[in-house]
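Undergrad: Following the hints, put chains Y and D in place on chain E, whose structure we already have.
So the sequence lines, in the order shown, correspond to chains E, Y and D.
The numbers in our numbering rise by one with no breaks, and the one at position 73 of the first sequence is 73.
To get our numbering, take the position in the second sequence, counting from 1, and add 328.
To get our numbering, take the position in the third sequence, counting from 1, and add 547.
A couple of the hints might just be wrong.
Said to hold, decoys possible - Once the Cα atoms are required to be at most 30 Å apart in a straight line, the calculated DSS-like pairs of lysine-lysine come out as:
| # | chain 1 | residue 1 | chain 2 | residue 2 |
| --- | --- | --- | --- | --- |
| 1 | D | 573 | D | 663 |
| 2 | D | 663 | E | 164 |
| 3 | E | 211 | Y | 482 |
Think of the hints as simulated: they come from the structure by calculation, not from any bench.
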Amino acid sequence: MIEVLSAGALATVQDLGRTGALNLGVGTSGAMDPLALAAGNILLRNEENAAALEIPLFPFRVRFTRPTVFAVTGADCAPQLDEAPVLPWWAHRADAGQVLALAVPSAATWRACRAYLCIAGGIDVPLVLGSRSTQLRGAFGGLEGRPLRDGDGLPIVATSDRAKTGFGITPPGLALPLEVDGLPAVRVLPAAEYDSFTPSSHEALWSEPWKITSQSDRYGYRLAGPELRPQRPMELRSHGIVPGVIQVPHGGQPIIQMRDAQPSGGYPKIGTVIDADLWRLGQAPIGSRIRFVLCSWDEALDALAATRRWLSNVRRLVELYCDQGAVR
Amino acid sequence: MTTNLPQLSLLGTTALLFEAPGETTLTTQRRIWALALEAGRLPGVREAVPGMNNLMVTFAEPPRHRGQLEHTLIELWHAVEPLPAAGRCLDLPVVYGGDGGPHMADVVAHTGLSVDDIVTIHSAPTYTVYALGSHPGYCYLGGMDRRIATPRRKVPVLRIPRGAVSIGGSQTGVSASDGPSGWNTIGSTEVAFFDVERTPPALLQPGDCIRFKPNRVLR
Amino acid sequence: MTNPLNHVDQLCAFLAATDIGLLELKGPAGVLRLRHDGARVEVEMIEAAAAALISPPTQVIRAPVPGIYLDRHPLRSQPSVAVGTEVAAGTPLAFLQIGPLLLPVPAPEDGLVAEKFAEHGATVGYGAPLIGLQPHGSDAE
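If we strip away everything but chain E, and leave its shape as in the complex, we get (with noise of 0.2 Å):
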């Protein structure tokens, strides 16, 4: 059991996500750096979508009621366990009564502002609709469909004991770097109504950094910079949208679609961050600065070879060195 002390704010249950709900109107949520919670899992010999913790907001504070082997990966939040520093993406063990605490992400090497508690068998909350991801609007999935609160707790899947510790895993956040002119950028396609923009809005959106308002969350994020205009004033058809889907409503501000967004809408639609970069837009810090970068099918497919060639690649190191104890 996990019981946690300080929950911070907005802190979910969280898996890869909740897919083959969408003709419910139930999108699909998960973790905004899936590849962070499927790294950490990992690490842990766990399955890869087993839930950890979400934690977008510091300090957290957690204590291990039993021997408890877990990691923390995503940003980089100098975490301490009884007040003695431990690794970040690196596997510990935990006595019982030990706390786990996490500070706000430094951004020595890797701005990031998401940190995963990942757990060894993982958090053991009921799957709904096939997914422990926390459904917030529909308050169900996660931990009873809401955020962590100070005082609950969480029981963890018990597990055979696999995991090994010791040991750790560089990020991919520097393992697969993707700047333009000094700020991470995203892969774009181009949407329906990518061709009714002008063309200085097309230049706008390529060649100019978005920042990350403060009104930008799970649901969204709302970005500010030039103004996309389209050529004529549109009105659109409810339609069904995915995260990374780049909406561009009247007042010519970008609106991301994220985990949590409604899984239709009406607004116009410019382009949509590749399915292989929302982990990027994830670990994108409010107020910091991205760069879009446009793609194509091929190269955005190549993009989600890579990510899951670089995760199979972690499983099959991690395996190795757990099994064999050393690695050749």
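TA: Below, chains Y and D without anything else, positioned relative to chain E:
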């Protein structure tokens, strides 16, 4: 729409969006339902999700060559017969106006109609459920009388409650859970549109219909 | 007290039968140092005055696997330890990166970081010298 052809576009590498040509009609929607049924069975498709005269097709795995899938969707579109709108019909008791209908006055101001006229016009039709979306259990309805159409609010309300009956542009709908909305709320209902403990969890599905029954009108 | 010099043969035999590399005995006469390199035991007697000036030998920590040597965790901007730092046994002094995997280079015992042999970012082979550690308390009696 200035074209007679369906439009296919990408939603990243996650889905294809199929927009039917022409005006938004129930007949077109019935063809969309038929297309969704067929598309949902195609290899490589995870889910086929109707919208308002359109269909989002999510990939199980994005195919390197999409042409095949796109071609098949167009072929199916031309081949399918519209499904009947023969689902069940639900009578929804509504308390119009009062605290549950905080924007009734705005609809009155925009339309020039009285509260009683608005209630009569709103509750007259049988509304077909075109699609589910927006939030768990939410139904996109077709069939509202244009006389009571009222533009979406300039400033969305941060939280309207579950059961809010609202008008947004030329559409009407009922919120299935608390949440933000830019629509004009004219009444409230007690019916639960989504219960995750229930099988199926959503109360209604495309092809079902709703009739609003004025229970009380508060002024 | 018996003079350890009287027991050198016994000590040599003892040492040769173990995989202990170094045995130091401090007494009033000085320091008796027995070094076992696997094949033979070498005996050195250091006079008391001279013994006071000799610091304990540096233990060379070597790469247990080939990989990229990192003097800090990749998310950190400062080296994990500086020369002259006191470290406790088990402290990760540096890291070895093998693909996405990160292994620690831990201090085998309490001691002082005496020397750094490898460059941050260098590819190192199995057995490559990485860090020199001056252990505390090398007496065995």
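Undergrad: Below or equal to 30 Å on CA atoms is what counts here, so check residue 211 of chain E against residue 482 of chain Y.
TA: Status holds; Cα separation ~24 Å.
Undergrad: Holds or violated: residue 663 of chain D with residue 164 of chain E, Cα cutoff 30 Å?
TA: 29 Å, holds
Undergrad: Is the straight-line distance between the alpha-carbon of residue 573 of chain D and that of residue 663 of chain D 30 Å or less?
TA: It holds: about 29 Å lies between the C-alpha atoms, which stays within 30 Å.
In this structure, none of the earlier numbered hints is contradicted; all agree with it.
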